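2 protein chains.
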Amino acid sequence: MIKSFLFDLKLKVKRMDKKILLAHGSGGTLSQQLIEAHFLPSLHNPILNLLDDGALINFEDLRLCMSTDTYVVDPIFFPGGDIGKLAVCGTINDMCMCGGKPLYLSIAVIIEEGFSMADLDRVIASIANTAKAAGVHVVTGDTKVVPHGKGDKIFINSTGIGHVSYSGTISGTNARNGDIIILSGTIGDHGMAVMSQREGLRFSGEIFSDVAHLNEIVRDILDVSSNIHCMRDPTRGGIASVLNEIADKSKKRFLIDEETIPVRPQVRGACEILGIDPMYVANEGKMLVFVAPEDAGKVLDKIRSHPLGKEAAIIGKVGEDSEGEVILNTLIGGKRILDRPTGEILPRIC
Amino acid sequence: MIKSFLFDLKLKVKRMDKKILLAHGSGGTLSQQLIEAHFLPSLHNPILNLLDDGALINFEDLRLCMSTDTYVVDPIFFPGGDIGKLAVCGTINDMCMCGGKPLYLSIAVIIEEGFSMADLDRVIASIANTAKAAGVHVVTGDTKVVPHGKGDKIFINSTGIGHVSYSGTISGTNARNGDIIILSGTIGDHGMAVMSQREGLRFSGEIFSDVAHLNEIVRDILDVSSNIHCMRDPTRGGIASVLNEIADKSKKRFLIDEETIPVRPQVRGACEILGIDPMYVANEGKMLVFVAPEDAGKVLDKIRSHPLGKEAAIIGKVGEDSEGEVILNTLIGGKRILDRPTGEILPRIC
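So the protein lines, in turn, are chains A and B. Just so we're aligned, residue 0 is where the first sequence starts under numbering that gives the first Met the number 0, counting upward by one. Just so we're aligned, residue 0 is where the second sequence starts under numbering that gives the first Met the number 0, counting upward by one.
Because the hints were derived from the structure by calculation, they are not lab data. Among these hints, one or two may not hold up.
The list treats identical chains as one, so a pair stands whether inside a single copy or across any two.
Derived BS3-like pairs: lysine-lysine, alpha-carbon spacing no greater than 27 Å straight-line [claimed, not checked]:
#, residue 1, residue 2
1, K297, K309
2, K334, K18
3, K248, K334
4, K100, K131
These figures come from a predicted structure and were not determined experimentally.
The shape of chain A in the complex, shown without the other chains:
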């Protein structure tokens, strides 16, 4: 009986292994496995292999960056933003994280048959306003419509081209021993804003998404320091995922102090109620910066002088070489390994 049950279970697991799961899109371990075991073996090339947020391209005398992202957030309107603003800011930020100045965007939409034209207009206006505010141009686009029930309202792909003039190397593989790790503000706002809207939850104090374009802050800090080694915006999977990814790729141990990580009280409260660690919750207007210790002070000051970076903080540093791990000094005084998420905590958050 038990044997047969176990056999069935094994069979089920084996079958599940051969299907795409929601967790494959989580930004966590399964996402990484999907990319490394299925995409890279066929598509590998020196640029793609870096798996940074964007690709650094050397063409003739120019250094360009290219970045793509598709947005499938549910709901499409949430406190603090919408899928249009998210699509513009997200791809702008990915270009910034390569040290690029975002210049041009493409916007390609997949609309579900029956989607409201008024909602479409609202999304388009949001794309236009955000692009204008960020100083980027939407230069080309595409529109597809799929039958009702074969999509979900609207999905948006945005792909960007930026110009990289920074003299240093910025990459997820480039965190160096002794680097200071700066976080540009509070964590968890975007994920919990979407979550509360989706589930109709009411918390004490409304939670707004932090969705914002970071190109001004990035321009400012690249101006004051030529010792920035890595930047990353902690979206899907939160800062826990991103820190682990960089630690893995740079083969370092990171030491993070939990008490230095800013979290808004209402976000912390909502996370506690839902049993979610804010370290794993998506952000859409925050960044992690790895900078040589001698420049950490001026970079932190520069970030704090921008309205989007007032709550920036040093949250840790890069320790010695290792296989890639993130050690957290916890609030209660212990130490633990901060893992990547394996499953899907908050699906369709971006």
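Chain A is already provided as a structure; the job is to place chain B on it using the hints.
Below, chain B without anything else, positioned relative to chain A:
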């Protein structure tokens, strides 16, 4: 009674006007209206306003082109190709149509939960093989997963960057009086291949999609003529849509001889059975070239010398200025206006 019926109908139409219809994604009149009435008013800028297949960007001393397209074809595997090959060829061809040499691609997928990993691997291999054959590099990507029933197997966005070194101007606004119109081969193959696969139809003689990358042909003809004024690949909506679009934008009258347009017998047969005009059926490996008469011969020869262009033909010419119309000398000896399609003839063909 009739009055009330008409009132109901009016109300229904009014309501329908405010929702996205499948036909908004057809590449026909409604697609054009959607873009001109909803996207352009917010997003307009000198580059986007041209509404060419790709955007021509002048950056520092370089002329680049950028093009984006999302592929939602159903079924994802069809005779002659699959969604992966289509995603690479389609965006390569759009860059070629701006006179660009395709260099870099991004690939962003939206996968439906439960999609078969084996099918994903097949699609990825097809992307990789096609990109390699075409000499372009996939430099960045994105993977999203949506819940079962909120997508349909896999949607792929590909966005490309190319380099434009051609001295002339190539644009849908640039067809000139007297230009010769060359079609690079048979029409309707892709649309009817997908259609027959989808509906499980059997025709006499199998129909294969023509999906192919045209970068070699385009490189060759740009080498032999500096008088190419417009190029376009007739995808959604077929050559009827594309000819109308160019006639509109260039403000010309086109004169087309139906008998010169190559159509495979099995495609013509399938179209007759289904009551579809092949002029409105999608192609994915064909192009229309508008060239000054003095260069038409050598451009035609060049196209015919390539395996993909053996059946190329001169199908008509650009007449005088007009509001933009396409006049067809029909097979039976009459003349008629070849209109854009208004509705959706073949949904999800690309």
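Which of the listed hints are not met by the structure? 2
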